[in-house]
Amino acid sequence: SQQGEEDPQALSIQEGENATMNCSYKTSINNLQWYRQNSGRGLVHLILIRSNEREKHSGRLRVTLDTSKKSSSLLITASRAADTASYFCATDAWYNQGGKLIFGQGTELSVKP
Amino acid sequence: GAVVSQHPSWVICKSGTSVKIECRSLDFQATTMFWYRQFPKQSLMLMATSNEGSKATYEQGVEKDKFLINHASLTLSTLTVTSAHPEDSSFYICSASGVDTEAFFGQGTRLTVV
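Chains as they are written, first to last, in my numbering: chain A, 1231 to 1343; chain B, 105 to 218.
Please keep in mind that the hints were generated in silico from the structure rather than gathered at the bench.
Even for Gly, the Cβ is constructed at its ideal location relative to N, Cα and C.
Worth double-checking, as some hints may not be accurate.
Selected chain A positions facing chain B (in silico; Cβ < 8 Å) [unchecked claim]:
no. : residue
1   : ASN1260
2   : GLY1272
3   : LEU1273
4   : LEU1276
5   : LEU1278
6   : PHE1318
7   : GLY1329
8   : LYS1330
9   : LEU1331
10  : PHE1333
11  : GLY1334
12  : GLY1336
Produce the entire structure from the sequences given, and follow the hints as far as they go.
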């Protein structure tokens, strides 16, 4: 399977704490994206990091990419109860046509007020 | 970002019937559309890739005779689940990409087969 792995599978923290999720993948990529999904709902695109980038920020989100280790991390700072959701990384492999994404297994984040 | 509309957002059907799900790109021409399936508490699994005007490419293990995909125009792709059974109950999500664009996702369709 091309599907990547994410850890932890589940994470429970208190409001105000930081949450870190990791993603590993198997093939060389064009880019890696992070998505959020609330229970039973569609995907919300959070951030895209290209293969030649090492770090990217968007608001309270910080994403890193290490192509030598084929891994990425998503950091959510000062978490809020509204951040409770499942988070997925998705990779766009270099040999694929644009837009074909392979998703990681996801991390279920619970932020307790 | 671009808008992709998926319809219906949920559907309940009887076992043995067929269900059609539509995926439309509203403000761009989608040369490629992708269909994913997501079972409860699991990740999204790519089912197939469809290019406008040509046959869809299915991922390993996905029955092309059961999941019929049509991409007849640059703004519309349809997924038909034929002879649906309870094990086909799932969340189906489409995404669309244009030339040199990232993929944009629809809102998803929750299919329940009873």
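Holds or violated: LEU1278 (chain A) as interface residue toward chain B, Cβ cutoff 8 Å? Holds - the Cβ of LEU1278 (chain A) comes within 8 Å of chain B, reaching about 7 Å at its closest.
With chain B as the partner, please determine if GLY1329 (chain A) meets the hint condition of a C-beta pair closer than 8 Å. Hint on GLY1329 (chain A): holds, closest Cβ of chain B at ~3 Å, below 8 Å.
Restraint outcome when GLY1336 (chain A) is required to lie within 8 Å of chain B by C-beta distance: holds, 5 Å
Against chain B, with CB atoms and a cut of 8 Å, does the hint on PHE1318 (chain A) hold up? Where the cut-off is 8 Å and the nearest Cβ of chain B is about 6 Å from PHE1318 (chain A), the hint holds.
Should the interface hint for LEU1276 (chain A) be scored as holding, given a Cβ-Cβ cut-off of 8 Å against chain B? violated, 12 Å
Can the hint on ASN1260 (chain A) be confirmed by a CB-to-CB distance to chain B that is less than 8 Å? Constraint on ASN1260 (chain A) not satisfied, violated at 10 Å.
Taking 8 Å as the limit, does the beta-carbon of PHE1333 (chain A) come near enough to a beta-carbon in chain B? This hint holds: PHE1333 (chain A) lies near chain B, its Cβ roughly 5 Å from the closest one there, short of 8 Å.
Next item in the hint list is GLY1334 (chain A). Is there a CB on chain B closer than 8 Å to its CB? Where the cut-off is 8 Å and the nearest Cβ of chain B is about 6 Å from GLY1334 (chain A), the hint holds.
Can we keep the LEU1331 (chain A) interface hint, with Cβ of chain B closer than 8 Å? holds, 6 Å
Restraint outcome when LEU1273 (chain A) is required to lie within 8 Å of chain B by C-beta distance: holds, 5 Å
Report holds or violated for the interface hint on LYS1330 (chain A), using the least CB-CB distance to chain B and a cut-off of 8 Å. Cβ of LYS1330 (chain A) sits 6 Å from chain B, so the hint holds.
Using 8 Å as the Cβ threshold, decide whether GLY1272 (chain A) counts as touching chain B. GLY1272 (chain A) check passes; min Cβ-Cβ to chain B is 4 Å, inside 8 Å.
Violated hints for the displayed structure, listed by number in ascending order: 1 and 4.
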